[in-house]
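Add chain B to chain A, keeping to what the hints say.
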Amino acid sequence: MLKSLRSARSIFRYLLPGDLLTVILSMVAITYLFQTLWSHQHASKVQIRLGDKIHATYDLNLQRDVHVHGPLGDAVIHISQGKVRFAKSPCHNQYCVHQGWLTHAGQVAICLPNQISLELIGEQKPYDSLNY
Amino acid sequence: MRKGFAGLLLIAIIASVLFSLRAYNKEPLYHSQSYVFGTLVDISIYGESEQRAKSLSNQVLQDFQRLNNQLHAWKPVNNNQPSELGALNAAFAAGKQPIAISPQLADMLVNTTALSVKSHGMFNPAIGHLIGTWGFQRDEFSAVVINDEKIKALVKSKPRMTDIVITNNTVYSNNPNVKLDLGGYAKGYALDMAAHYLRQQKVKNALINIGGNIIAIGQHGNKPWRVGIQHPRKPAAIATLDLADGWAIGTSGDYQRYFILNGKRYCHIIDPRNGYPVQHTQAVTVLIPPQPGAGVLSDVASKPIFIAPAADKAKAAANIGIQYFMVIAQQPISQRSNGQQPNAEQSNILVSPALAKKLDWLDSDVKNNSHVKVLTLR
Numbered sequence: 499m500l501k502s503l504r505s506a507r508s509i510f511r512y513l514l515p516g517d518l519l520t521v522i523l524s525m526v527a528i529t530y531l532f533q534t535l536w537s538h539q540h541a542s543k544v545q546i547r548l549g550d551k552i553h554a555t556y557d558l559n560l561q562r563d564v565h566v567h568g569p570l571g572d573a574v575i576h577i578s579q580g581k582v583r584f585a586k587s588p589c590h591n592q593y594c595v596h597q598g599w600l601t602h603a604g605q606v607a608i609c610l611p612n613q614i615s616l617e618l619i620g621e622q623k624p625y626d627s628l629n630y
Numbered sequence: 002m003r004k005g006f007a008g009l010l011l012i013a014i015i016a017s018v019l020f021s022l023r024a025y026n027k028e029p030l031y032h033s034q035s036y037v038f039g040t041l042v043d044i045s046i047y048g049e050s051e052q053r054a055k056s057l058s059n060q061v062l063q064d065f066q067r068l069n070n071q072l073h074a075w076k077p078v079n080n081n082q083p084s085e086l087g088a089l090n091a092a093f094a095a096g097k098q099p100i101a102i103s104p105q106l107a108d109m110l111v112n113t114t115a116l117s118v119k120s121h122g123m124f125n126p127a128i129g130h131l132i133g134t135w136g137f138q139r140d141e142f143s144a145v146v147i148n149d150e151k152i153k154a155l156v157k158s159k160p161r162m163t164d165i166v167i168t169n170n171t172v173y174s175n176n177p178n179v180k181l182d183l184g185g186y187a188k189g190y191a192l193d194m195a196a197h198y199l200r201q202q203k204v205k206n207a208l209i210n211i212g213g214n215i216i217a218i219g220q221h222g223n224k225p226w227r228v229g230i231q232h233p234r235k236p237a238a239i240a241t242l243d244l245a246d247g248w249a250i251g252t253s254g255d256y257q258r259y260f261i262l263n264g265k266r267y268c269h270i271i272d273p274r275n276g277y278p279v280q281h282t283q284a285v286t287v288l289i290p291p292q293p294g295a296g297v298l299s300d301v302a303s304k305p306i307f308i309a310p311a312a313d314k315a316k317a318a319a320n321i322g323i324q325y326f327m328v329i330a331q332q333p334i335s336q337r338s339n340g341q342q343p344n345a346e347q348s349n350i351l352v353s354p355a356l357a358k359k360l361d362w363l364d365s366d367v368k369n370n371s372h373v374k375v376l377t378l379r
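Taken in sequence, the protein lines are chains A and B.
Here my numbering is used: the first residue of the first sequence is 499, the next is one more, and so on.
Here my numbering is used: the first residue of the second sequence is 2, the next is one more, and so on.
Chain B with its partners taken away, still in its complex shape:
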């Protein structure tokens, strides 16, 4: 009898342990979504109490909102106060009178100028007038009347980051046609800012996603954070990959901000050399190893690769120090290296060897269809 009782007790204990383990298994994952920077901000925090995770993510969102107000390219803070960037643009247009700016904005200008030079001007936040002409400085994007003459004139006015002169937090522009639009930089900057803040607050595990640009801290429990890469033409992910501690990923696509006019797609990524939206590329994804400014690079680095024509994309990536990238082109990419003529069987997806090793393909067309091949650079 005793033995049997002990046995039953043992079973009861094991069962209750299993039950409690299951309850414990409900992971300590906090997830919040919000709308800032005209896009979706998605924050996951793992391993903190819900209360703490909530207050931390609220702080991050407040910081984002402040940055958004400071850097907004077309919206004033309120009726009689432009954003800090708006005031700066007004000063640039008015002439060479230097104006005082915050040390934070001064740092950003130094940083963006360096990146612009490194990308040979393909990343050019000084072309705000061009972006506005194409109607992408609005909350919603409708087709514009394309004014070829005006576009030509704006390109000819050569707004460049190097026109800006910064000394001791005062700044002026040698070229009144410079109009800053940090749309390709601010989200990345915000990622770095948030990651820095959360690490400072001793958060071990978090994933921050601002409109598709993502940075990882730690991991998701006992496995790395996993991210999906959106297919540019399907409502699904094309591939997934693990994002380890400190890594960041960003994609520039023609499918988030665009309008269609006479059957042609005009996206928000404008080639600063001719002033027209890029039409040969659907998406460029860059993966950034841990480094200071990884978030910024995840935002900025995809632009020069997006803008460069097929033959120059690898070079554009190298210029800005990118090893991990993927291009989804409008047309099949021909690999000239092996002397073949481009044909319909060739893929429109180009992946650098470093990134190819990290990707798990989800898309059945890419996985199963032998006509769609993933080409790799040598």
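Next up, chain A with everything else stripped away, as it sits in the complex:
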């Protein structure tokens, strides 16, 4: 114990203030970079909303069919290889199905009659809201 303290002291004896600053700054940089780069998720997600509630959020890389029960009935949302689309909808006009695949963050598909919306979420939102 005493020995290790002494050896630590001997190391610090040769450190100049500038060295210490370098050590501190590099540790700060590492901490910061770790936090900003490591913790971000690279996979985009799709957020499914039903009425005024967030129904679910799914990773886009897992292929799956999601069934959502809206006021008109069951809609099927197809997720595959980073894309998402309305595959089936009980609504009359099928505008939502005709919208096709959504691929980029910020894209939305809305089924007004059945009150279901899809929004692609990425690391950065290209815009806050959509004018249509």
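Because the hints were derived from the structure by calculation, they are not lab data.
Yeah, the Cβ is synthetic: ideal placement off N, Cα and C, and Gly gets one too.
Mixed in with the good hints there might be a few duds.
[To be verified] Chain B is faced by these chain A residues, among others (derived, beta-carbon under 10 Å):
1. LYS543
2. ARG547
3. GLY549
4. ASP550
5. ILE552
6. GLN579
7. LYS586
8. CYS589
9. TYR593
10. THR601
11. GLY620
12. TYR625
13. ASP626
Okay, now just chain B, sitting in the frame of chain A:
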């Protein structure tokens, strides 16, 4: 030893500050979505506690619901009570007997009449019978049997806003064929109402989107609110722009309410001069600088520009006082000014110079394809 300890302490402090900054960075943004006016209402509030933001946006949604019940063009409030607008339409059809209306509705009628006159009748909320004939006064739009004779007769009956006589909150129509449909006005009115309410409640930053019509209050943290403009034929935005405090934006498109019959698209925007849905235009976007009634203008002003033929669109915009607009036409727009014949290489996108400066194009076809050019007015 002391020095080293101090150094470690310093590192620990800096690291913890960074961690807390990161936690703080989780922005104070509240976002809600709801369905009113037969469309999606999307409210973002920045910089308020979640609880307060939630209660404010719930209040706004309740106000919207009340307005929707009051102004609904075809749905009664319940089985034995029509909407206020429904009762008014029934009175117009019955004859010239004046009926009492709320001061709020009276104000709206004065306002819509002024806008209708300014647009030379291209914005005409009195053509409810025509809109109904085309099947757009329903929750879902299916193809209708087109009755050319009936349409001709309805156009000939000349329903106009100036047929309506308003005195001291009582109103009657000189023309029994007037049937009001405020579908091109109510959402804009609701935007102004919500913006007014939130400002009154000292909300500094909010973005309200009613079915694509958007008004901004303040900004999103340290940067302006940013909005995307939907591509009329792709499930993506064509461009983005910053919406500064008090600005509003609105788009009229043929892709939200329409039906297809024999391969032809019939959209909900009807030319009051001939009674038929407009087929030469896919979308018109207008951007409105801060002013009283900015929300209303963002809703109303796109209609006359949408309806006007290509050559008259700039004039239609000027008539209603619009400087910032974009037209996406069905066919390439020819610019006659430089004497060229229209050809396939010409763009179907027309942007006013004022708006062109504000847009950031996202669509790769517009950005990369030299055949698609953004034309500007002079």
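Interface hint for GLY549 (chain A), Cβ within 10 Å of any Cβ on chain B: holds, 7 Å
Proposed interface contact between ILE552 (chain A) and chain B, which counts if any beta carbon pair is under 10 Å: Status holds, d = 9 Å.
Min Cβ distance, LYS586 (chain A) to chain B: is it shorter than 10 Å? At about 17 Å, which exceeds the 10 Å cut-off, the nearest Cβ of chain B leaves the hint on LYS586 (chain A) violated.
Go through the hint on LYS543 (chain A) and say holds or violated, using the shortest Cβ distance to chain B against 10 Å. violated, 15 Å
Just to be careful: measuring from the Cβ of GLY620 (chain A) to every Cβ in chain B, is the smallest value less than 10 Å? At 13 Å from the nearest chain B Cβ, GLY620 (chain A) fails the 10 Å test, so the hint is violated.
Double-check ASP550 (chain A) for me: the hint is only fine if its C-beta lies closer than 10 Å to a C-beta in chain B. It holds, given that the least Cβ distance between ASP550 (chain A) and chain B is near 4 Å, below 10 Å.
Given hint CYS589 (chain A) near chain B, where the shortest CB pair must fall under 10 Å: holds, 7 Å
Go through the hint on TYR593 (chain A) and say holds or violated, using the shortest Cβ distance to chain B against 10 Å. holds, 8 Å
Would the stated hint for GLN579 (chain A) survive a check requiring a Cβ distance to chain B of less than 10 Å? Since the shortest Cβ distance to chain B is 16 Å, the answer is violated.
May I ask you to test the interface hint for THR601 (chain A) with respect to chain B, counting a Cβ-Cβ separation under 10 Å as satisfied? This interface hint holds because 8 Å falls under the 10 Å limit.
Restraint outcome when TYR625 (chain A) is required to lie within 10 Å of chain B by C-beta distance: With Cβ-Cβ at 4 Å, under 10 Å, it holds.
Is the interface hint for ARG547 (chain A) satisfied, with its Cβ closer than 10 Å to some Cβ of chain B? holds, 6 Å
Hint violations for this structure: numbers 1, 6, 7, 11, all remaining hints satisfied.
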